[in-house]
Each structure stands twice: as C-alpha cells, then as structure tokens.
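> Just so you know, the sequences run in chain order Z and U. First residue of the first sequence? That's 980 in my numbering, and the numbers climb one at a time after it. First residue of the second sequence? That's 103 in my numbering, and the numbers climb one at a time after it.
Hints were generated in silico from the structure; no laboratory data involved. Predicted, not measured: the structure shown is a model, and the values here were computed from it. Positions of the beta carbon are idealized from the N, C-alpha and C atoms, including for glycine. You may find that some hints are simply not true.
Unchecked claim - A few chain U residues that don't get close to chain Z, going by computed Cβ distances all over 12 Å: (1) A110; (2) P116; (3) L175; (4) A209; (5) V246; (6) V259; (7) A261; (8) T271; (9) A322; (10) M323; (11) V325; (12) G327; (13) G331.
To be verified - Derived Cβ-Cβ restraints for the label pairs, each shown as a range: (14) L338(U) / H1170(Z): 45 to 51 Å; (15) D1144(Z) / R143(U): 57 to 63 Å; (16) G1038(Z) / G206(U): 57 to 63 Å; (17) G1086(Z) / L217(U): 47 to 53 Å; (18) G988(Z) / D275(U): 46 to 52 Å.
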Amino acid sequence: MEERIRARGLTPGYEGRAVSGPVDFVLRRGDWLAVLGENGAGKTTLLRTVLGLLPPVAGCLETPGLVPGQLGWLPQQTAVQRDMPASVWEVALSGRQGRRGWRPFYGREDRAAAARALEQVGMAGFARRRFRELSGGQRQRVLLARALCAGDQLLLLDEPVTGLDSQAAAGMYRLLAELNRQGTAIFMISHDLAGARQYASHVLYLGAQTSFFGTRAEYENWKGENAWA
Amino acid sequence: MGLMQTLALYWQYPFVRSALAVGVLIALCASLLGVPLVLRRFSFIGDGLSHAAFGAMAVASVLNLAGEMPFVLGVTVVCAVLLLRAGQNASLRGDAATAMLSVGAMAVGYLLMNLFGTSANLSGDVCATPFGATSILTLTAGEVWLSAALALGITAVFALFYHRIFAVTFDEDFARAAGVGAKACNLLLAVSAAVVIVLAMNLVGSLLVTGLVVFPALAAMRVCGSFGGVTLCAALFAVGCAAAGILIAVVAGTPVGSTIVAVEIAVWGLFWLAGKRRRA
C-alpha cells in the first residue's frame, strides 16, 4: 500500500464555510510534502481536516491503511501550561494512547515503542527530565517522539522549526530526513522556504483562489521566480 | 495520659474508626481528582459545586423530599458537567461560571431556608452545613459503607483512566485527534468531581472542600516533576493530613474540617520550603 493520503476536491473549513478552495493531492510512502501559502490561507485548517478533527466542507479524503489514532502529528508549539508536571517519558508514551482503545494500561510494546522513538529523536537519556525544563528544540524533539509513537508511517508537521535556533532547526531537519529516508511520509506546513526547498519532494501551495500540487520541479515551473522567495 | 494511650483509647470507639476510614478515603479521591482539576484551572470547582449542593439541599428540605442524597447528587452532577463544559477553553469563562453558580446557589438556598425552613436554629444549621460540623463523626453504618464504596469506586475509575487523564490534561487537542475519547474523559472527570465533592461535604463541610482538592495537588507539584509523581505524592499528602487532622480533632475536640485543612496548610508550607530549596 503505497499511498498514505488521497485528497480529491477537499475543501477545509469551519461550520460549512470554506476557508480555502478545493484541494487535490496524493501523498505516498517516502514523499515529503511541503504545504506552503500565505498566513490565513487555510494550511492548518487543512491539516486538522486530514487529522479528522474537522469535517471537510466538501470533497473526500482517504487515508488508506491508516487509522486516526495512528497519525503522527506534531502540532505548532502550543503553550503547554507552565506548571504542568510531565516527564519526557510520560509525554512520549502518551503518543501510544490512541492505540489502547478500551485497555487502560500500557503494555510492553508501548514502552518499547516509546523508548525507540526517544532514541530516534536523540532524547534517550532525557526520559526522567521534566518536559517544561527543556529548551524549545528539545521539546520539539520530544513532541516528535510522541508523534512517532502515535504513528510512524505518516508524520503531519505544523511549522516544525518555527521558533528554533538555526542549529536546532538543522538538527530537526536531519531527523526528519532520516525518517523520510526510511519510508515515513511527511506532510509539513512551513514558512521556512529554504528548508522546504532543500528537503521537500512535493509541494502543495494554497493561495487565496488557486491551489497547486506537484513535484518540487513542477512547482518551481508554475510559480516562476518567486517560488522560494 | 500519654499521647499513645489517648489514641489507643479513642481507637476503641467505632465512630472514630469509621471517621478515619471514610475520611481518609474521601481525602484520597479528592486529591487524585484535584491534580487534573487544578491543572485545568478549576481549583474553585470545589466551591462552586459544594455551594450548588447546598442550594440543592435547601430545596430538598423545603420540598421535604424523601431521598435527599440522590437529589443533591443529581443536581451537583449536572452542575459539574455544565461547569466543565463551559470552561473548556477559556479559563475566564471557567472561573466566572463557577462564581455565578457558587454565589447563586448559596443565595437561593439560604433564601429558601429562611422563607420555608422549619428549623429553630436556622443560622446554626446553615453554618453547620458549610463547615460540616461533626457529621463525619456521626455517620450511620449505612452511610459509612456507602461513602467508602463510592470513594473506592472513584479511586478505581481514576486508576483505570489515569493514562487517558494525563493525555487529555497535557494536550487535549492531540488526545482528540488520536481518538482518546477526550469528551468521555471530561464527562467522567465532571461526574467524579461532583460525587467526591458531595461526599467531602460530609467530611469538611462545603466551605472547606476546596482545601481537600487543592492543597495536595499544589504541594505535590511544588516538589515532583512527573505527572505520576505528582499524583502519588498528592495522594500520600492527602491521606496523611486527613488521618492526622481527624485524630487531632477527635482528641482535642476541634472541628474536623478546619483541623484537616489547617494540617494541610502546615504540611503544604513544608513542601513549599522544600520546593524553594530545590530551585535554589
């Protein structure tokens, strides 16, 4: 099963009101889709529609072979409450909660998956540390581990490097590139055009009226000079 | 008589043993629920719900309802669900809604009791309810078993839903996307809070319920860094302070509710100092 997401005429919006025009795209195993567009173009709304948090206003969306609880989502750095007590381990492990169904406790495979995810993101030694005491880049990596625990076949990233210093951002991209190389499909909303240019295989551009989907080369053809400006 | 002998003497009385058992269990489940409630800025829900329960009790006594407890429980559960749903995102709405419920129920309840109440010592009754007077020391056997069973039930439910509660409290959006059942979890939290608060009103009275819910969580969060650690620490804190408070109250003849909360304040102070040293 090569395809991860198939969208046809997908129109994201709230309460029957569309936020952007209809969108068509396909995301396959090993693809890296950069979702670009102006602020307010509806990128996050589209992401939430793919996640199943919002019903689409129109169109259809298929995630063949994937279950909602198994989509790896790295949300924008939402303000986790300052006094929320949580260890790195607890945060990462919570990614497995979607697979538990009615079972109340985590099993051995869950713990093994969490340990593996923390190692993949380079935070293996931090398991006992408090989440809120980490730096921004470290927190992003732990949240990425949580996303991987939820599902490692498809990662949905909302501005993964915004707010990170250049070293942390580079580290994050390297991580994502390695995962992508191993077959994880990536759906990445980003304002970091340089990073998108370097790593993306496909581009989905959301404009006010028009949208475009194609490979990176096709996008550069279509957008012309301003492609990565 | 030495302290140990005094305690041994009092231990012989069944009402002391019952009070300890029920008090400790109620304090335990109030503290467990207190952790997610405090983190979601619902520290005052104890106040709001206990006042709603007071209002319900006033209505029940005016209407001469046969079964007071189920009615009070029902009204409180409904209020809890409404409150938690109202305050879901905006913390402002949460505390404003709680304030409205709190003062409204008290005012209406007091008014009803004045207009239709048949008691001679009305202000004494009204005062006794908020402060719990000595009702935990005068529980019937049936009440003891019921309270203990409910408290144990809530603790068991909390244990079963523990990981879900963590996921929803840490990041509700993510939990919802993962299909964790955030709505069901919130509903469960609301219903459990209502039950615990109605139970706790018997222990410490409606005014002091907030103490049972809030102090253990705050003390634990000062010192522990993981959710599991905080939960365990809050539970131990609550059990210890409740036991100590009840014993002191029985021996010294002080009101049970205020004594427990006074003990909690003192121990919370120690935790606060310990937390300060940790950060230094």
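> Taking the hints in turn, state whether each one holds.
Now for the hints, and whether the structure bears them out:
| no. | hint | result |
| --- | --- | --- |
| 1 | A110 | holds (40 Å) |
| 2 | P116 | holds (36 Å) |
| 3 | L175 | holds (26 Å) |
| 4 | A209 | holds (33 Å) |
| 5 | V246 | holds (29 Å) |
| 6 | V259 | violated (10 Å) |
| 7 | A261 | violated (8 Å) |
| 8 | T271 | violated (7 Å) |
| 9 | A322 | violated (8 Å) |
| 10 | M323 | violated (6 Å) |
| 11 | V325 | violated (10 Å) |
| 12 | G327 | violated (4 Å) |
| 13 | G331 | violated (7 Å) |
| 14 | L338(U) / H1170(Z): 45 to 51 Å | holds (47 Å) |
| 15 | D1144(Z) / R143(U): 57 to 63 Å | violated (32 Å) |
| 16 | G1038(Z) / G206(U): 57 to 63 Å | violated (47 Å) |
| 17 | G1086(Z) / L217(U): 47 to 53 Å | violated (59 Å) |
| 18 | G988(Z) / D275(U): 46 to 52 Å | violated (26 Å) |
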